[in-house]
Amino acid sequence: MPHFPKPFFKKSRRQWYVEIDRRQISLGSDREAAFRRYHELMREPQHHQPVSSTAFSAIADAFLDWVKQHRAPDTFEWYRYRMERFCLRYPDLTSGQIRPYHVQQWVDSYPDLTRTSKRNYVRTLKRCCKWATQQGYIDADPLQHLEVPGADRRETLVTAEQYAELLALVRDDDFRDLVVTTWESGCRPQESLRVEARHVDVARRRWVFPKSEAKGKRQPRIIYLSEAAWEITQRRMQLHPTGPIFRNTNCRPWTPDAVNCQFDRLRVRLLQSRGLPEAETLHQEINKLIPRLKKNRTVKGVVVEKSLQDLFSEARRKVLEQQANLHIPRFSLYALRHAWATRALQSGLDGLTVAILMGHSDPSTLARVYQHLSHNPEHLLQQAQKAASQ
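Every letter in the sequence shown is one number past the one before it in numbering that gives the first Met the number 0, and letter 357, counting from 1, is 356.
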């Protein structure tokens, strides 16, 4: 029995769609107009249909379908989140109407975004329009001349002393293994969070991600391990012979959010270990914050009133987090990777070797993004004196 596609409504986009030849085509937001357009499409010969120009969201859907098929799941989610926000702001914008100012006004509507986040929002729309032009959905790229803002440079430099201080405050042995391995190997966070026993080359003491699982999917990614990182890898392979080897105390694979929460707790402990904030200041800030907190909370669908102890604990936690943001650098697995690159260069390794060990296809990335030698004037002075003495 033949199957005929029927229109359906997407609440997230507030648009009607129909799927023809595995491609979702936007029919607009008005129901009657959508069904008229649907009947027109069904009367047309069944060959490749270009994306309807009635809504830019159709271009976005086609682009996301392509990303889902040809890129990693995380990449798809990265684009999906931003594309949906743009389409929700301009649900009736057509592919012929989009202009750079639409993107700029959309980005500016989020005043709390960091420079890096604003950059990523613009990159998302530019990539979509470039793809649509390449595929022939639109004749010219309307965002070709839209400037991409610069990103915030990661300036957190973790020294050996800071690392030792940080590690002494880690209470979770599973998290400690993840931190030590990143510090010792310089691997990317997504690599340590995904590595499995099947990726481990025991004979050469290294991790090997096949090209299909490596970043960029251009070549295999190989990560060589120090003594400490190799010992941790062997131990965790025995604990978890299948699936990711780095897991939390609940035996669940670490996620980026869970890792960031651990680092946030470490920042608070580091703050307190330095005697900050003073007790009097802490209590003053807590007392100021308590009146501004919500007095109720929802537990299993039931609204209950917070006790005085609940309010005090919540206020104390938030005040400590605010103070940590003011006085303690924001540590992360990527900051440890940056530190590895700087230590490797300071030890005398040449830049090309360091770039290869870090998995860079372009060695200039090391100089532009990762190394922080300018933060170590003593090392640069020694190198300048060494060069002058030759």
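Source of the hints: derived by calculation from the structure; they are not laboratory data. Check each hint, because a few of them may be wrong.
Derived DSBU-like pairs: lysine-lysine, alpha-carbon spacing no greater than 35 Å straight-line [as the list claims (entries may be wrong)]:
{"#": "1", "residue 1": "Lys305", "residue 2": "Lys129"}
{"#": "2", "residue 1": "Lys317", "residue 2": "Lys299"}
{"#": "3", "residue 1": "Lys10", "residue 2": "Lys210"}
{"#": "4", "residue 1": "Lys10", "residue 2": "Lys117"}
{"#": "5", "residue 1": "Lys299", "residue 2": "Lys210"}
{"#": "6", "residue 1": "Lys67", "residue 2": "Lys287"}
{"#": "7", "residue 1": "Lys305", "residue 2": "Lys216"}
{"#": "8", "residue 1": "Lys9", "residue 2": "Lys299"}
{"#": "9", "residue 1": "Lys305", "residue 2": "Lys317"}
{"#": "10", "residue 1": "Lys293", "residue 2": "Lys216"}
{"#": "11", "residue 1": "Lys129", "residue 2": "Lys117"}
{"#": "12", "residue 1": "Lys294", "residue 2": "Lys216"}
{"#": "13", "residue 1": "Lys287", "residue 2": "Lys10"}
If you anchor each label on the Cβ, the simulated ranges turn out as follows [unchecked claim]:
{"#": "14", "residue 1": "Pro255", "residue 2": "Arg316", "range": "36 to 44 Å"}
{"#": "15", "residue 1": "Gly274", "residue 2": "Glu76", "range": "37 to 45 Å"}
{"#": "16", "residue 1": "Lys5", "residue 2": "Leu156", "range": "56 to 64 Å"}
{"#": "17", "residue 1": "Gly135", "residue 2": "Glu320", "range": "46 to 54 Å"}
The structure presented is a predicted model; accordingly, all values stated were derived computationally and were not measured. All C-beta atoms in this analysis are idealised placements derived from N, C-alpha and C, irrespective of residue type, glycine included.
Now the hints, each set against the structure:
1. Of the supplied pair hints, the one linking lysine 305 and lysine 129 is violated, its CA atoms being roughly 52 Å apart against a limit of 35 Å.
2. A hinted pair counts as satisfied when its Cα atoms are at most 35 Å apart, and lysine 317 with lysine 299 qualifies at roughly 23 Å.
3. The straight-line distance between the Cα atoms of lysine 10 and lysine 210 is roughly 38 Å, outside the 35 Å bound, and the hint therefore fails.
4. Straight-line distance between C-alpha atoms of lysine 10 and lysine 117 comes to about 26 Å, which keeps the hinted pair within the 35 Å bound.
5. Only pairs whose Cα atoms come within 35 Å are accepted, and lysine 299 paired with lysine 210 is rejected, the gap being roughly 45 Å.
6. At most 35 Å may separate the alpha-carbon atoms for a hinted pair to count; lysine 67 and lysine 287 exceed this at roughly 48 Å.
7. Note on lysine 305 and lysine 216: the hinted pairing is violated, with a Cα-Cα distance of about 51 Å set against a maximum of 35 Å.
8. Our distance criterion of 35 Å between C-alpha atoms is met by lysine 9 and lysine 299, whose separation comes to about 29 Å.
9. As the CA atoms of lysine 305 and lysine 317 are separated by approximately 16 Å, the hinted pair is consistent with the 35 Å bound.
10. For the suggested pair lysine 293 and lysine 216, the alpha carbons sit about 48 Å apart, so the restraint of at most 35 Å is broken.
11. Note on lysine 129 and lysine 117: the hinted pairing holds, with a Cα-Cα distance of about 18 Å set against a maximum of 35 Å.
12. Pair hint lysine 294 plus lysine 216 does not hold up; C-alpha atoms about 51 Å apart against a cutoff of 35 Å.
13. Proposed proximity of lysine 287 and lysine 10 is contradicted: the alpha carbons are some 42 Å apart, above 35 Å.
14. Between proline 255 and arginine 316 the CB atoms are about 21 Å apart, so this pair departs from the stated range of 36 to 44 Å.
15. Checking the proposed 37 to 45 Å range against glycine 274 and glutamate 76 shows it holds: the Cβ atoms sit about 42 Å from each other.
16. For lysine 5 paired with leucine 156, a C-beta distance near 58 Å keeps the hint of 56 to 64 Å intact.
17. Remark: the range hint 46 to 54 Å for glycine 135 to glutamate 320 is upheld by a beta-carbon distance near 50 Å.
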